[in-house]
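Number of protein chains: 2
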Amino acid sequence: MENGTLAYIDYVAKVKDTGEVLEATREADAKNLGVFDPTERYSPRLVAVGEGWVLKGLDEALAKASVGEKLTVEVPPEKGFGVRDPSKVKLINEKKFGEKAHDLFVGAEVEVDGKVGTVRYMGSGRVQVDFNHRLAGKTIVYELEVVRTVTEPLEMAKALLGRRLFIPEDKLNLNIEGDIATIVLPEEAFLLEGLQFVKRAVSSDLFKFLKALKAVRFIEEYKSPEAEKPKEASHPAGAEPQEAAPPTEKA
Amino acid sequence: MENGTLAYIDYVAKVKDTGEVLEATREADAKNLGVFDPTERYSPRLVAVGEGWVLKGLDEALAKASVGEKLTVEVPPEKGFGVRDPSKVKLINEKKFGEKAHDLFVGAEVEVDGKVGTVRYMGSGRVQVDFNHRLAGKTIVYELEVVRTVTEPLEMAKALLGRRLFIPEDKLNLNIEGDIATIVLPEEAFLLEGLQFVKRAVSSDLFKFLKALKAVRFIEEYKSPEAEKPKEASHPAGAEPQEAAPPTEKA
Chain A
6 MENGTLAYID YVAKVKDTGE VLEATREADA KNLGVFDPTE RYSPRLVAVG EGWVLKGLDE
66 ALAKASVGEK LTVEVPPEKG FGVRDPSKVK LINEKKFGEK AHDLFVGAEV EVDGKVGTVR
126 YMGSGRVQVD FNHRLAGKTI VYELEVVRTV TEPLEMAKAL LGRRLFIPED KLNLNIEGDI
186 ATIVLPEEAF LLEGLQFVKR AVSSDLFKFL KALKAVRFIE EYKSPEAEKP KEASHPAGAE
246 PQEAAPPTEK A
Chain B
6 MENGTLAYID YVAKVKDTGE VLEATREADA KNLGVFDPTE RYSPRLVAVG EGWVLKGLDE
66 ALAKASVGEK LTVEVPPEKG FGVRDPSKVK LINEKKFGEK AHDLFVGAEV EVDGKVGTVR
126 YMGSGRVQVD FNHRLAGKTI VYELEVVRTV TEPLEMAKAL LGRRLFIPED KLNLNIEGDI
186 ATIVLPEEAF LLEGLQFVKR AVSSDLFKFL KALKAVRFIE EYKSPEAEKP KEASHPAGAE
246 PQEAAPPTEK A
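Chains as they are written, first to last, in the working numbering: chain A, 6 to 256; chain B, 6 to 256.
Just chain A, same shape as in the assembly (with noise of 0.2 Å):
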């Protein structure tokens, strides 16, 4: 597949010499190798060849596949999650930690003047406490199938929003007309965390993805509070006079 090609992949990633699953993208082998997880959404990745939205080595091996296959992928560290520096093991004197000293033990994570690393052992004082990534060193092994690519412009432009913009799609009306994307955003969506940063980069990746795009439209719609009630109207003639009213109704 070409660089910036869009493309949905199912994999399972382990770790090369533990086994471990990393993660799987299908419902069935979550189940069948014992990671299912139910509040996940199980469904096929949305990649974009060769743009460093997966490890490095999975991206170039992308390159080189094709819709339809399926492929092992092996990851050496150098592509993967780093090699290890064995600078990055400190020992640290337990009266670092303060009264959390006695909870540590093997294999806790704990964090360090901001840093986040394991515990590999303890004795006479001192923690020696390991801050390289949990996988740097591993090689990540993936068995992966190229489900198929994403070349219709609408779809294409579905799939980037959907990446950033966590709402489910039957929500998001978007449509392309033109050299133009209109993206009308649910109610939900206005009070969302850092939703002009998302909107900006969304943007960005439909300009970068779909070329002939000139313009991403984005539109928030207030309805009256008057205008979402049940019509008063059509009540017929003579009814109950409509008590309670806020005093901004009077006529």
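Source of the hints: derived by calculation from the structure; they are not laboratory data. Some clues are possibly wrong.
Heads up, the list lumps identical chains together, so a pair's fine if it works in one copy or across two of them.
What the hints assert, rightly or not - Distance condition first, Cα-Cα at most 25 Å in a straight line; then the derived SDA-like pairs of lysine to any residue: (1) 176 <-> 94; (2) 21 <-> 163; (3) 213 <-> 228; (4) 84 <-> 166; (5) 216 <-> 203; (6) 216 <-> 195; (7) 228 <-> 214; (8) 216 <-> 227; (9) 21 <-> 36; (10) 228 <-> 200; (11) 204 <-> 179.
Fit chain B to the given chain A structure using the hints.
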């Protein structure tokens, strides 16, 4: 003027007993009275009669005033900044201010436990701080003129929008078609702090004062970086570049 009327008023507001000028909406008045501030935009103030946008006493006077009328309004403390509450005057030990105690002086504004007050007296290691509003107990005098009311829906909408969104009017693209108001925000507004809350408040204002309105639609448009590049193709071959002419002046 009826409650709910939108009107522009010009005024000079003074403290009755000292003559201190608090506010002037006309540039000429500000200059004559020696309170001119070049960073201020002098123009009549938008008010909504009876909506509590101004001091209660002023609001009540506006309800009885007519367009074009010039009047003097005296607002007593109980309909203005409140009466003075003697229990809000506290004696505080100097030590409470720590090192800052050395910088205190009578008249200084200080913050104590999150409340702002004014130092009234200092001595014997104690500081008397008045936590009443600076204008509590004062009668405020307005010399005012009701310039005009705003009744045309589009102008009403623009006035309401301008009150919440501090963007020059010529940059605000606002129109009303049928029962839908559409506001196209300029790019410089996209990252305004609290933008989403401003939108909600503006919508709420519009629905309140323009009863016929059913929806308020905000549009934010991002332009493709490609589309914004100068179009090389449109320059006639061999023509001189159009120098220094601001784009709006090209006929």
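query = For this structure, which hints from the list above don't hold up?
reply = Violated hints (numbers, rising): 1, 2 and 4; every other hint is consistent with the structure.
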